[in-house]
Amino acid sequence: MRVTTSTRTGRIAGLSALALVALALALPAFASRAVIQDLFTILTLLTLAQLWNLLAGYGGLVSVGQQAFVGLGAYAMFAGVILMGLDPILAIPLGGLAALALSIPTAFFAFRLQGAYFAIGTWVVAEVTRLLIAQWKTLGGGTGTSLPREATSDILGVEPIRVLFGLREAAARDVLAYWLALALAVLTIAAIYALLRNRLGLALAAVRDNTEAAKSVGIDTTRIKWAVFLIAAFVTGLTGALIYVQTARISPDAAFSVTNWTAYVIFIVVIGGIGRLEGPILGVIVFYALQQALADYGAWYLLTLGLIAVVVMLFAPRGLWGLLSDRTGLHLFPVRRRLERIDLEGGK
Amino acid sequence: MILETRALTAAYGQFRALFGVDITLAAGETVAIIGANGAGKSTLLRSITGVLRNAPDMVLHRGEPIGALPPEIVMRRGIAMVPEGRKLFPSLSVEENLLIGGQVRRAPGPWSLAAIYDLFPILQAKRLAPGTSLSGGQQQMVAIGRALMSNPEVLLCDEISLGLAPVVIRDIYAALPAIKSTGTAVIVVEQDIARALSVADRVYCMMEGRVTLTAPAQGVTRAEIHQAYFGGAA
Amino acid sequence: MIWLDTLVQGILLGGLYALFAAGLSLVFGIMRLVNLAHGDMIVFAAFAILLITQTLGLHPFLAALIAAPVMFALGWALQRFVLNRVLGKDILPPLLVTFGLSVALQNGLLQGFSADSQRLAAGPLESASVDLGLVTVGWMPLLTFATAIAVIVGLNQIFYRTALGRAFRATSDDPVTASLMGIAPKGVFALATGLAMVVVTIAALYLGMRSNFDPSIGPARLIYAFEAVIIGGLGSLWGTLAGGVIIGVAQTFGAAINPEWQILAGHLAFLVVLLLRPRGLFPRAVD
Ligand SMILES: Nc1ncnc2c1ncn2[C@@H]1O[C@H](COP(=O)(O)OP(=O)(O)OP(=O)(O)O)[C@@H](O)[C@H]1O
Ligand SMILES: [Mg+2]
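Heads up: the sequence lines are chains A, B and C, in that order. For the first sequence, counting from 1, position 38 maps to 38 in this note's numbering; every step adds exactly one. In this note's numbering, each residue carries its 1-based index in the second sequence increased by 348. In this note's numbering, each residue carries its 1-based index in the third sequence increased by 582.
If you are wondering where the hints come from, they were derived from the structure by calculation, not from laboratory data. We treat Cβ as the ideally placed atom computed from N, Cα and C, and that holds for glycine. There is no bait here: all hints are sound.
FRET-style restraints, in silico, Cβ to Cβ:
{"id": "1", "chain 1": "B", "residue 1": "455", "chain 2": "C", "residue 2": "740", "range": "25 to 31 Å"}
{"id": "2", "chain 1": "A", "residue 1": "291", "chain 2": "B", "residue 2": "354", "range": "56 to 62 Å"}
{"id": "3", "chain 1": "B", "residue 1": "416", "chain 2": "A", "residue 2": "37", "range": "56 to 62 Å"}
For reference, chain A alone in the conformation it holds in the complex (with noise of 0.2 Å):
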């Protein structure tokens, strides 16, 4: 016998999601602009959902305070391009910095909190974030700023989108941002799953199972918890800056709206499933298909969202996807260790 995580479906989600990858790569020869355009949006909301979960599913940190590092990211980039004059492209890997630097004076006062009180804890700091932003007259101050055209007309890469595709600028440059706004899913997918897979998925089942007793095992539950946080915030940061190459245009309510960055974020992993790989991919489809179906309506798609995440943790608090893979057995994301009984006679 030997002690394994994979599975038979897990080997068959695995091939099929490299096809998809691949599809998804491809597809900007056929699809129109809009659809790649929604995509994007997607794409950034799937990331920044799979890193949320990876903190509250999976570290038991409910942070409601995520817009701080899409802001302080993004933010990051645009003084990268106005005030360096970098390519927007090479400004992102700040928007990562710039946020894993605000992550731990947040983790510092955050972690000082009882329990429950954290989540209101990260919100304080996104809000004073925020302010001080808005203090910030060269980036624009209360009202925000645009990127400048010389920035946004050559973009590095954009060209050869534009000759292979036989595009015009702007929709090569939302080709660019959404092949890589693919790449940062993907990545952080697997990144996250290689993550849960190794002991520190074993040591964070443990902590948010049960600190107490992960403490008395030698499991350093402060690090680790440090740890989660402050990779989440380096990815969001990067999430957060790759959004605004593709926007353009920023303010401080709208990069550091709780709505557009954690609300939707949490939605998604709560509908989906909390504390599953699969729940925000799952969180994602859904909401979209909420937005669509509901965007005419203004306030009530916010109304009926709201709602819909108290009905799923009443009734079914492991999410959609909980509920479907009770119904199935399926896991495409196998992380649970299992016994699995080695044929020494080999064959049938």
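Fit chains B and C with the ligands to the known structure of chain A by using the hints.
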């Protein structure tokens, strides 16, 4: 029978802790339940009080099924509990701890604040101190008094000697005759076998979730108890 | 003299924040529930009072008298039928449910009342002021502060002088042992949330009479309330008043230096206290 369990089974999640326990308690009777650590004594009391829920007819009070009732309802029927480890409320003073025992149900009967202070005079002097600032023995007195405040029909005591010095145990057990004399039926769960037998009419011995011995408290031999306590060849 | 005036205004503003915080503190103290919809409930109550003043033509004080029992019933039902089901060792479900409620409430109000700013018309009281010699203060801020003190005294009386308060404290200490005393913890929780909603109604009354409100301002009130609770030390109502006053004073001084710094100064004061006294100024002895 004022209280009875029938084929009572109980579990913590996957873990079965009781396997078909039958005990009875007659009005005014005192029954001792003894057994080693982990035998299931506290689990039995938790099942009776409703902290652990069971099938309705696994626990009968005056012949009525109460096995599925929540603890607050069971208590209001007159079954009061002195929980293992005393479990005083830290935010409440000694007197408030006593008062809360009779706050929801207060049947007519002998017990009142004054009667409790008569039984345990030391508590009167400490009545305004936080309950958990008292010594272990005094806390145990509060826990017993708190349970009595509702004038219960049945008093369940879970290891009231736990962690106390012998002289203190003696003081606390000295109160039991006064309690019994009011007609209250009592179940005492104990590890201190001699102490338990000295106050009980009958004794049950438990091992690994089962009753292994039922006997009158007077006349049961050490060998019988040893056999029931540890199983196998004594 | 201008600084003394700023100080007094800040202290009085703290009364409003203490009112925001009292309900949050009450619910957390009894059932360890952090209600992320608390701020939106204050705004909801303000709209409820507004609706009553408009339809019945009553003064806001009288309207609040009608709104309070309604809010009590809503809070009771919310706890009984929704929140009790998700309370437990895992802190995730209640947080996510109240977050969902927060967003739903905001958008429900937006749909029902539009994004327009509203105000509760309090008549001549709004502009009346009293000369205290060194400073002149408005009746409204003074009344707010006095109400905050009255609410805290009242809640403390309930907590420490009544059988209900005893049940609150016992259940907060240990719900299982409380149930062995015949107390139904879930019933106690429902009463506590109902009571918290009465306090929320009082907070909403003063919020609405002192400033404009619209459906989007709930989260900021939640944050002020939370900061006051943490600064004060969990579980201490008087500490909560102190916390409110610290935020209020920081805000008025921030605003006196630069109007854009008002909110920021309040948050920074909170972070400084959290840095120096992580358990707040008046932490509870037992916890
Ligand atoms: N909350 C719980 N969760 C899981 N298992 C439990 C729990 N409480 C008790 N058990 C298990 O149930 C069995 C019976 O425990 P119980 O507390 O009833 O024993 P006891 O006879 O009261 O022992 P003691 O004399 O130590 O108090 C034990 O094996 C114990 O480990
Ligand atoms: Mg026991």
